[in-house]
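Asker: Sequence:
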Amino acid sequence: MYQINRRREIIKNTVYIFFIMLLAIIPTYYIYNKFQGDRNIDFNSESLDVTYHEKSGNKLSLTKITPVTDSVGLSSKTYLISIKNNLTEDVDYKLKVLDDIEKIKEDECQDITIPKDDIRISIKTNKKATKIYSLNELENDVLLTDTINALEKKDISIRVWIRQDSSLPRGSKMHYHGIMQIEEEDR
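Numbering of the sequence shown is given in the numbering used here, commencing with residue 1 and proceeding in unit increments.
Hints listed in this document are in silico derivations from the structure and should not be mistaken for laboratory results.
Only a predicted model underlies this, so the values are computations on that prediction, with no experimental measurement involved.
Be careful, since some hints might not be right.
Stated by the list, open to error - Computed beta-carbon distance windows for the label pairs:
{"hint": "1", "residue 1": "Q164", "residue 2": "D186", "range": "34 to 42 Å"}
{"hint": "2", "residue 1": "D186", "residue 2": "D107", "range": "31 to 39 Å"}
{"hint": "3", "residue 1": "I31", "residue 2": "T63", "range": "26 to 34 Å"}
{"hint": "4", "residue 1": "S56", "residue 2": "D141", "range": "14 to 22 Å"}
{"hint": "5", "residue 1": "I20", "residue 2": "N44", "range": "37 to 45 Å"}
{"hint": "6", "residue 1": "L22", "residue 2": "D155", "range": "31 to 39 Å"}
{"hint": "7", "residue 1": "D107", "residue 2": "Y29", "range": "35 to 43 Å"}
{"hint": "8", "residue 1": "I26", "residue 2": "D107", "range": "36 to 44 Å"}
{"hint": "9", "residue 1": "I26", "residue 2": "E137", "range": "45 to 53 Å"}
The beta carbon of each residue, even a glycine, is placed where N, CA and C say it ideally should be.
Using the sequences and the hints, build the whole thing.
Answerer: Printed below as a string of structure tokens:
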């Protein structure tokens with residue numbers, strides 16, 4: 001008799017634990033996927049899948065004038081991009097940072113745009129060293145020219161900040177709107 005009651009108790013507890021685990025896992029899964037879906041914005045072509053992991057997609061913005069050193073700037077907000085090559089051959093591409101003309105017109109902020117020589121930008125690809133530039137140093141707005149191997153995936157992180165020795169008034173309403181753009185190059 002004691003064996004039967006013990007066995008029933010074990011089965012009952014196992015069922016309770018199963019339902020509690022189910023109630024914990026399913027909502028967590030749906031909550032995670034809801035927020036992931038909102039953040040990942042994809043731009044796909046025949047050969048490359050480009051995913052911007054921010055709600056703003058491929059848009060950059062700098063809204064606070066807070067001059068900082070490069071070491072502090074490297075800890076600022078990160079814009080993440082994933083690029084996946086769908087082909088069985090290598091693909092050359094460029095990552096450009098362009099002015100967001102539409103946003104500038106929409107906000108009517110042509111007169112309060114931060115000068116490009118005051119904006120610092122860093123880029124890090126996979127496990128390579130971080131490179132830092134001033135936005136005005138970019139030739140034809142190209143931040144990165146690279147090759148992605150067949151069926152490879154690359155992760156890129158970009159950070160933007162105001163250079164330390166900027167003469168801009170701290171806390172002013174000046175800002176910058178930019179767009180990150182991936183272009184495939186012909187071989």
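Asker: Taking the hints in turn, state whether each one holds.
Answerer: Verification of the supplied hints:
1. Q164 <-> D186: 34 to 42 Å: holds, 40 Å
2. D186 <-> D107: 31 to 39 Å: At roughly 36 Å between Cβ atoms, D107 and D186 fall inside 31 to 39 Å, so the hint holds.
3. I31 <-> T63: 26 to 34 Å: holds, 29 Å
4. S56 <-> D141: 14 to 22 Å: Between S56 and D141, where Cβ atoms are some 19 Å apart, the hint holds.
5. I20 <-> N44: 37 to 45 Å: Distance hint for I20, N44 holds at roughly 41 Å.
6. L22 <-> D155: 31 to 39 Å: Holds, at about 34 Å.
7. D107 <-> Y29: 35 to 43 Å: For D107 and Y29 the Cβ distance comes to about 38 Å; the hint holds.
8. I26 <-> D107: 36 to 44 Å: Because 42 Å falls inside the window, the suggested range holds.
9. I26 <-> E137: 45 to 53 Å: holds, 50 Å
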